[in-house]
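Visitor: We have chain A already, so just place chain B on it with the hints.
Sequences listed follow chains A and B, in order.
Position 448 (the first sequence) corresponds to 448 in the numbering used here; numbering is contiguous.
Position 255 (the second sequence) corresponds to 255 in the numbering used here; numbering is contiguous.
Among the clues, some could well be false.
What the hints assert, rightly or not - SDA-like, lysine to any residue: derived pairs with alpha carbons at most 25 Å apart:
hint, chain 1, residue 1, chain 2, residue 2
1, A, 577, B, 56
2, B, 164, A, 545
3, B, 164, A, 290
4, A, 577, B, 164
5, B, 109, A, 265
6, B, 205, A, 580
7, A, 577, B, 202
8, B, 205, A, 118
9, A, 577, A, 545
10, B, 164, A, 580
11, B, 205, A, 99
12, B, 164, A, 291
13, B, 164, A, 518
14, A, 400, B, 204
15, B, 109, A, 522
16, B, 205, A, 119
17, B, 164, A, 343
Unchecked claim - Derived coverage of chain A by chain B (criterion: at least 3 residues anywhere in the stretch with Cβ under 8 Å from a Cβ of chain B; other residues may be distant):
hint, region
18, 142-156
19, 259-273
FYI, nobody ran anything at the bench for these hints, they're computed from the structure.
Cβ coordinates follow ideal geometry from the N, Cα and C atoms, glycine included.
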Amino acid sequence: MGESLSGLDTFPKLLLHHAKVRGERPAIREKYLGIWQTWTWAQFAEEVRMLACGLAEQGLKRGDHMALVGDNRPRIYAAMCAAQCLGAVPVPLYQDAVAAEMAFPIQNADIAHALAEDQEQVDKLLEILPQCPTLRHIYYDDPRGMRHYVQPQLASYEQLREIGAAAYRRDPAFLEREITKGAGDDPAAMFFTSGTTATPKGVVLTHHALIDRAKAAAEMEGLSDRDVVLAYLPPAWIGQNIFSYAQPFVTGYCICCPESAETVMTDMREIGPSYYFAPPRVLEALLTQVSIRMEDAGSLKRAMYRGFMNVARRVGGTILDGKKVGPGDRVLYALGDMLVYGPLRNVLGMSRVRVAYTAGEAIGPDLFRFYRSIGINLKQLYGSTETSVFVCVQPNGQVKADTVGPAVRGVELKFTPQRELLIRSPGLFKEYYKNPQATAEAKDNDGWFHTGDAGYFDPDGHLKIIDRVKDVGRLTDGTLFAPKYLENKLKFFPYIKEAVAFGDGRDRVCAFINFDMDAVGNWAEKRNMPYAGYVDLVSRDEVYDLIAECVEKVNADLAQDPELAGSQIHRFLILHKELDADDGELTRTRKVRRGYIAERYAPLVAALYGGDTSVHVEAQIKYEDGRTGSISADLKIRDARTFAPAAAKRAA
Amino acid sequence: MSAQPQAQEMMAGGRRIGEVVLSVEEVSLSFGGVNALTDVSFDVREHEIRAIIGPNGAGKSSLLNVINGVYHPQKGTIRFLGEPRHDVDTHEAAAQGIARTFQNLALFKGMNVLDNIMTGRNLRMKAGLLAQAFRFGPAEREELEHRAVVERIIDFLEIQAYRKTPVGRLPYGLQKRVDLGRALAMEPRLLLLDEPMAGMNVEEKQDMCRFILDVNQQFGTTIVLIEHDMGVVMDLSDRVLVLDYGKKIGDGTPDEVRRTQAVIDAYLGVGH
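Bound conformation, chain A alone (with noise of 0.2 Å):
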């Protein structure tokens, strides 16, 4: 980043930059009827123009805030800096999420202009028009199924884009005062927390923290304008957003919106990323898949697939840290990279790829050296919306698989005697929106931001993180019990999609299983075992004892640590049905909501711990569409093997 940015202090401002020095730079991409269409930054900054005179003209007004709901669309983003411009505060809300999630944001911040993306998205909102009276304007972007739609609330992008053409003939030099009078500290965005735990909270983050948090990653990373990333993760979660709104402004790199969700792996490899941000379990999807598809080819492939991916597992890591391998090692990991590395990275579509980051949850430990090992620089990193993302990021050649790296520059750091972790950093949020109370329990008069977070540093300075202050329990006899710590090591196996750990104040571990669907159903076929579906492979013997080995592993390496060998898993069950956001389980970022299912669920808690073979479930599941229906299943339940606790004590 050769150029200052000094005195650009909001996002509008950033923009009127970027067109000025880089107008004919791409700045967009979405792949539209196949083919990718790009704006530019002038051509960027043009459409913002127009949108953000046509929302004034509308009565978008300072301080008000503006609902946007929709996937990854230049259109959407546009909208977002429109708002910007005019002082209001864009809310990007879950696409996924039903309507009646979507309403308590929209009554919670008094929303009056909302753009969807498309009519899926309208008819959410016209659902819950009726609790929030507040909301006057719907605009949307994609007009197919609009035609017969009347409700006066409704008007197209484009008419919106021709209000606000009208609108800057009669004045064009409105937008830039208005764009002159935002400042730094003034709210950028607001983003509503998932809400594991009770009702959503709205964060407000200034335009000052998103910059300075953006810039101070970009620096360390060496972005530019030369870079590319593709944003297809939903734009209501602040890493999303980093990545495809605020880093860019800051850099002027462009962004790339794929065609719809189903083609982001096609979309990924045509564009070829240069920048990359996965959560773990699209890095664990993408692995699955790779797994499955080398074990479906011949047997030459597969014999250089498992050789080189030996290779690279013994020095790949070392080498992309910079340091010495043996000569032998170092041309075997060339051949390799030649044959099996290379191709890989070509088919993740990672050929290009600089940095990677991963973040949102803890990575297992063998699928992060995985990436490392075929050459993609992938990095943990640590942060929350609280925090603008960037608190701990690992540099380059000081990636460990179990910390998320020393603090990034401007970040402050310190525990409480109950190893909460506390930040300190430009990057904090203002406030949760309406909410004092919380806003005073979380950011204490000195400005620490208290995280809720358990962990330590390791003796090189590295934050290792091992689970949220309130979940780390303790079994009846003492023993520490992470349960996500447990869960992270059963999901790490292909065959496992998702754990629920059980254990604080309790005798013992137990846990729920739901096994990957993908993989296992593969499995079966490989077997000749017909199946119906996921309720009938729950029900087999087989998929038992092929689940049952997992976790018996886990409780191998458990018992290899003496803090944790306590905690190995006693009894198991493969739950009826795959843990769903639509069914509250898991939240939209989709981490399980342990104490939600061990209520919803108990008496199958009742059953793990009460000594029964098998438990009779009856259950209300909702479909995708809304319709509600029930499934009623019997389901075994297993012993696990347990092992001794290893003799020899090593140094945690």
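Guide: Frame of chain A; chain B shown alone:
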């Protein structure tokens, strides 16, 4: 679609039902001694969705085959756009703008989705074989234009993720969608759908219903469909024709048909 002035005669869904585009008058078709159709008359109006129902062997598919020229009726007249037709074969019917999908799918399984839909453009390609093979002269521009139409259909049917996937590897519901896409690529005046929802699960059926309604509303395509799922028929169609043993036993709006005693006896009443 351009913004048309609000029609006076707004009908189902706000579409404008226009003139009669197809009329079938007193048509009879027999194979040897079997009478597949006996004196069947009905008409189809522009922009409407017209359903044909009836028990197995009632002559529904035969009727479609008569309309698009697979069979030639021994008796009766068929008028398409006012013109009486005699011994029209399938090619000519297609050239006149009649497209159809098939009960048992008729796609090229080894070809990808894009190419399959492209075959629907075949009748509209003007460049000669050689010009197409070597892409000289107007052939390249022509192909680009056709590709653009096909891409719009892919977008419309939401099958972008499968552009390059061989059709044989797609699940059945998606294959049906490709089949519809290929028929749409002809930009037909009249679209004949032979059991578009046979063998689909609830979700696939809902998707297909939405696509049929969207085709009808966005492109104004007139649709004749055969369907067994009574819920679907009653929801989708403007008018329903009921056949039994090759004879017409009911014709009218879904509500009218539902009340006709002969229909109840023959079809709805016999516990389907």
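Visitor: Hint by hint, note whether the structure agrees.
Guide: Taking the hints in turn, this is what the structure says about them:
1. Simply put, residue 577/A and residue 56/B have alpha-carbon atoms about 38 Å apart, too far for the 25 Å limit, and the pair is violated.
2. At most 25 Å may separate the alpha-carbon atoms for a hinted pair to count; residue 164/B and residue 545/A exceed this at roughly 39 Å.
3. Annotation: proposed proximity of residue 164/B to residue 290/A holds, straight-line Cα distance about 20 Å (limit 25 Å).
4. Distance hint between residue 577/A and residue 164/B is unfulfilled; the C-alpha atoms sit about 33 Å from each other, more than 25 Å.
5. Under the criterion of a C-alpha separation no larger than 25 Å, the hint pairing residue 109/B with residue 265/A is consistent with the structure, at around 24 Å.
6. This hinted pair checks out: residue 205/B and residue 580/A have alpha carbons roughly 23 Å apart, not beyond 25 Å.
7. Between residue 577/A and residue 202/B the CA atoms are separated by roughly 19 Å; this keeps the pair inside 25 Å, and the hint holds.
8. Our distance criterion of 25 Å between C-alpha atoms is met by residue 205/B and residue 118/A, whose separation comes to about 21 Å.
9. Between the alpha carbons of residue 577/A and residue 545/A the distance comes to roughly 19 Å, so the proposed pair stays at or under 25 Å and holds.
10. The straight-line distance between the Cα atoms of residue 164/B and residue 580/A is roughly 31 Å, outside the 25 Å bound, and the hint therefore fails.
11. Among the hinted pairs, residue 205/B with residue 99/A is consistent with the structure: their alpha-carbon atoms are about 23 Å apart, no more than 25 Å.
12. For the hint pairing residue 164/B with residue 291/A, the CA-to-CA distance comes to about 23 Å; that is within 25 Å, so the pair holds.
13. Between residue 164/B and residue 518/A the CA atoms are separated by roughly 22 Å; this keeps the pair inside 25 Å, and the hint holds.
14. With a CA separation close to 46 Å, the supplied pair residue 400/A and residue 204/B exceeds the 25 Å bound.
15. A threshold of 25 Å between alpha carbons decides the hint, and for residue 109/B with residue 522/A the separation of about 23 Å falls inside it, so the pair holds.
16. Distance restraint check for residue 205/B and residue 119/A: the Cα-Cα separation of roughly 19 Å lies within the 25 Å cut-off, and the hinted pair is therefore satisfied.
17. Of the supplied pair hints, the one linking residue 164/B and residue 343/A holds, its CA atoms being roughly 20 Å apart against a limit of 25 Å.
18. For the region 142-156 of chain A, the proposed coverage by chain B is satisfied: 4 residues have a C-beta within less than 8 Å of a C-beta in that chain, meeting the threshold of three.
19. Taking a C-beta to C-beta cut-off of 8 Å, the region 259-273 of chain A contributes 5 residues in contact with chain B, enough for the three needed, and the coverage statement holds.
Checked against the numbered hints given earlier, this structure breaks hints 1, 2, 4, 10, 14; the rest are met.
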